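Residues per chain are reported as follows:
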Amino acid sequence: MADGGMLPAWMTERPGGFEPGGPDRAVRQSALARTLLGLGRLARDTIYSEKVAARPGLMQGVDPRVKVAGVLVLLLLASLLRHWYLVLGLYLVSVAMAAAASIPAWFFMKRVWMFIPLFAAVIALPSIFNVVRDGDPLWVIWDFGGEVRLGPWSLGTSLAITQQGVRGAVMLVLRVAASVSLGVLLALTTRWNELLRALRVFHVPRLFVLILSMTYRYIFLLLAMATEMFTARASRMVGPASPREDRRFLAAGMGALLGKSHALSEEVYAAMVSRGFDGEPVTASRFRTAAADWVWLASTATLALSLLAGDRIIG
Amino acid sequence: MADMAAKNADAPLFLVEDVHFSYEGAPALAGATLSVERGERVALLGANGSGKSTLLKMLDGLLFPDRGRIGFMGQELSEATLRLDSFSREFRRRVGFVFQNADAQLFSPTVRDEVAFGPLHLGLPDDEVERRVEDTIHILGLGHLKERAPYHLSGGEKKRVALASVLAINPDVLLFDEPTAGLDPKTSSFLVSLAGDLHEAGKTIITATQDLSIVGDIADRALVMGEDHRLAGEGPPAAVLADRELLLRANLIHDHPHRHGGVEHYHPHSHVEGHEHGH
Ligand SMILES: Nc1ncnc2c1ncn2[C@@H]1O[C@H](COP(=O)(O)OP(=O)(O)O)[C@@H](O)[C@H]1O
Ligand SMILES: [Mg+2]
Numbered sequence: 181m182a183d184g185g186m187l188p189a190w191m192t193e194r195p196g197g198f199e200p201g202g203p204d205r206a207v208r209q210s211a212l213a214r215t216l217l218g219l220g221r222l223a224r225d226t227i228y229s230e231k232v233a234a235r236p237g238l239m240q241g242v243d244p245r246v247k248v249a250g251v252l253v254l255l256l257l258a259s260l261l262r263h264w265y266l267v268l269g270l271y272l273v274s275v276a277m278a279a280a281a282s283i284p285a286w287f288f289m290k291r292v293w294m295f296i297p298l299f300a301a302v303i304a305l306p307s308i309f310n311v312v313r314d315g316d317p318l319w320v321i322w323d324f325g326g327e328v329r330l331g332p333w334s335l336g337t338s339l340a341i342t343q344q345g346v347r348g349a350v351m352l353v354l355r356v357a358a359s360v361s362l363g364v365l366l367a368l369t370t371r372w373n374e375l376l377r378a379l380r381v382f383h384v385p386r387l388f389v390l391i392l393s394m395t396y397r398y399i400f401l402l403l404a405m406a407t408e409m410f411t412a413r414a415s416r417m418v419g420p421a422s423p424r425e426d427r428r429f430l431a432a433g434m435g436a437l438l439g440k441s442h443a444l445s446e447e448v449y450a451a452m453v454s455r456g457f458d459g460e461p462v463t464a465s466r467f468r469t470a471a472a473d474w475v476w477l478a479s480t481a482t483l484a485l486s487l488l489a490g491d492r493i494i495g
Numbered sequence: 022m023a024d025m026a027a028k029n030a031d032a033p034l035f036l037v038e039d040v041h042f043s044y045e046g047a048p049a050l051a052g053a054t055l056s057v058e059r060g061e062r063v064a065l066l067g068a069n070g071s072g073k074s075t076l077l078k079m080l081d082g083l084l085f086p087d088r089g090r091i092g093f094m095g096q097e098l099s100e101a102t103l104r105l106d107s108f109s110r111e112f113r114r115r116v117g118f119v120f121q122n123a124d125a126q127l128f129s130p131t132v133r134d135e136v137a138f139g140p141l142h143l144g145l146p147d148d149e150v151e152r153r154v155e156d157t158i159h160i161l162g163l164g165h166l167k168e169r170a171p172y173h174l175s176g177g178e179k180k181r182v183a184l185a186s187v188l189a190i191n192p193d194v195l196l197f198d199e200p201t202a203g204l205d206p207k208t209s210s211f212l213v214s215l216a217g218d219l220h221e222a223g224k225t226i227i228t229a230t231q232d233l234s235i236v237g238d239i240a241d242r243a244l245v246m247g248e249d250h251r252l253a254g255e256g257p258p259a260a261v262l263a264d265r266e267l268l269l270r271a272n273l274i275h276d277h278p279h280r281h282g283g284v285e286h287y288h289p290h291s292h293v294e295g296h297e298h299g300h
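The listed protein sequences correspond, in order, to chains A and B. This note's numbering puts the first residue of the first sequence at 181, with every later residue one more than the last. This note's numbering puts the first residue of the second sequence at 22, with every later residue one more than the last.
Some hints here could point you the wrong way.
[To be verified] Simulated pairs of lysine to any residue, SDA-like, Cα-Cα distance not exceeding 25 Å:
id: 1; chain 1: A; residue 1: 440; chain 2: B; residue 2: 155
id: 2; chain 1: B; residue 1: 179; chain 2: A; residue 2: 383
id: 3; chain 1: A; residue 1: 231; chain 2: B; residue 2: 176
id: 4; chain 1: A; residue 1: 290; chain 2: A; residue 2: 396
Calculated directly from the structure, the hints in this document are not laboratory data. Since the model is a prediction, treat every value here as computed from it, not as a measurement.
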């Protein structure tokens, strides 16, 4: 079949000598591809590889049940405290705990604050304006020069950022930062299976834990496939893609991607069932409480009580 | 369930009777009937899409027939019976399934966790789990990969981890779905000889494949699935492989044009023993 047989003529044409020429331009990945690939790598290397959880550290040694209980108390605290500096204090405590768990503080803060701007822009930002929430103006952006009405609505006489609005938004963002921070800390320092099992100990319904456990694998598959998809495209492309091409590719590929990863995750579930999985997470190490657990419990309780007392005393 | 074996000593291991199954209207099995005895070595041959994987999933109690029935040692395999804790535990312990797509089978953070998953979920004591994990990892030569993440491994390594994850359960019945597809010859022949050892240890081995070159080594009986999603024939591997007409009908071999010294001609062709023919 060396002469090609059924192949069309163009397919049997051979290229000439290999002579790269013309102006050189470094092929760069577009921002979208970079973000996606970065996200995939991050998920793999931090959450899925359980690297942090396997490292020796203060938090890693604590029994998962006790750890979950402690974090739940601190989460509750994050929404109960009424003074922003106390919430900030709680956030800083979580960063300190991360450091004690041998997670680089800078890495940890960066991860947490990645979510915050998104959240803040959607929920907190609008509420700082007087048109959304009335209050004492802090900074007048635009004086309407008279009352502006929008049907039955009065927009007031100016557009301003209010003191109450800013205070509320700061509080909200701080609460979210502290909560996310504590959640990420728990997730990073606990092996996923042990975390699920700890949730079962607190009587979180089996179905919920099962869904959580499948979501975890599903997102992993989705990321792995998205990465593959981009890589596969890059291998067929001459030169870099423009952001617009990237977006179009992603939109078109999304449907196929979801379908594919869904089919695969069904297969993953079947493979788990085949090996005896019935929705109940099982781990090798038996849960047992040790001195470290009591230290952890005592210090979270002390922290919680003193912050709460401080909050009430300050008024 | 302890008396499952005793009570039904004479029932076949698997009895598949007139099983029909379709995926949202697309037929995958249309009246499959077969039986497998304990300790047998069976190959399930068939072209792509003939329903081999579907049948294996049914034998593993992962899918259930739309019509017809499947018996396992005299008991019906159905959603209802597999919901019984005692039955499903015993069944999962006895029957192991190595999926074609190793990626689907690997979902744990490390190779060690992956191999421990089955034994842990079947409720074995910790030290027994540990022993099995170590032994299986050793047999499959995965020692240096123990702490690695399964998804970072090469295709052949993934396959070996997938196999280890099933062997650690020590199932009495092994279902292999296209075990050699996409593997290099060395890994492929390693798998085939391991299957041979497992059979000698008394295990039942059912292998779905379209790789005709391994059939003689992995089975004492071959079943051929037709493109009409039913059984098209069966017999000893040598007899089935010699039945060109059957293999052609099942689309396991094909006529295709050859050129030899400028002369183009057609003749039935398979990749069983290569291409030797004189002119
Ligand atoms: N999850 C699924 N959803 C829809 N159709 C499927 C699915 N799995 C298999 N099929 C279809 O069922 C038929 C039999 O497939 P399968 O059992 O995988 O065959 P084989 O393993 O012999 O290649 C094929 O036509 C295939 O397209
Ligand atoms: Mg198949």
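Okay, the hints, checked on the actual structure:
no.: 1; hint: 440/A / 155/B; verdict: violated, 34 Å
no.: 2; hint: 179/B / 383/A; verdict: violated, 36 Å
no.: 3; hint: 231/A / 176/B; verdict: holds, 23 Å
no.: 4; hint: 290/A / 396/A; verdict: holds, 22 Å
Violation of the numbered hints given earlier is confined to hints 1 and 2; the remaining hints are satisfied by the structure.
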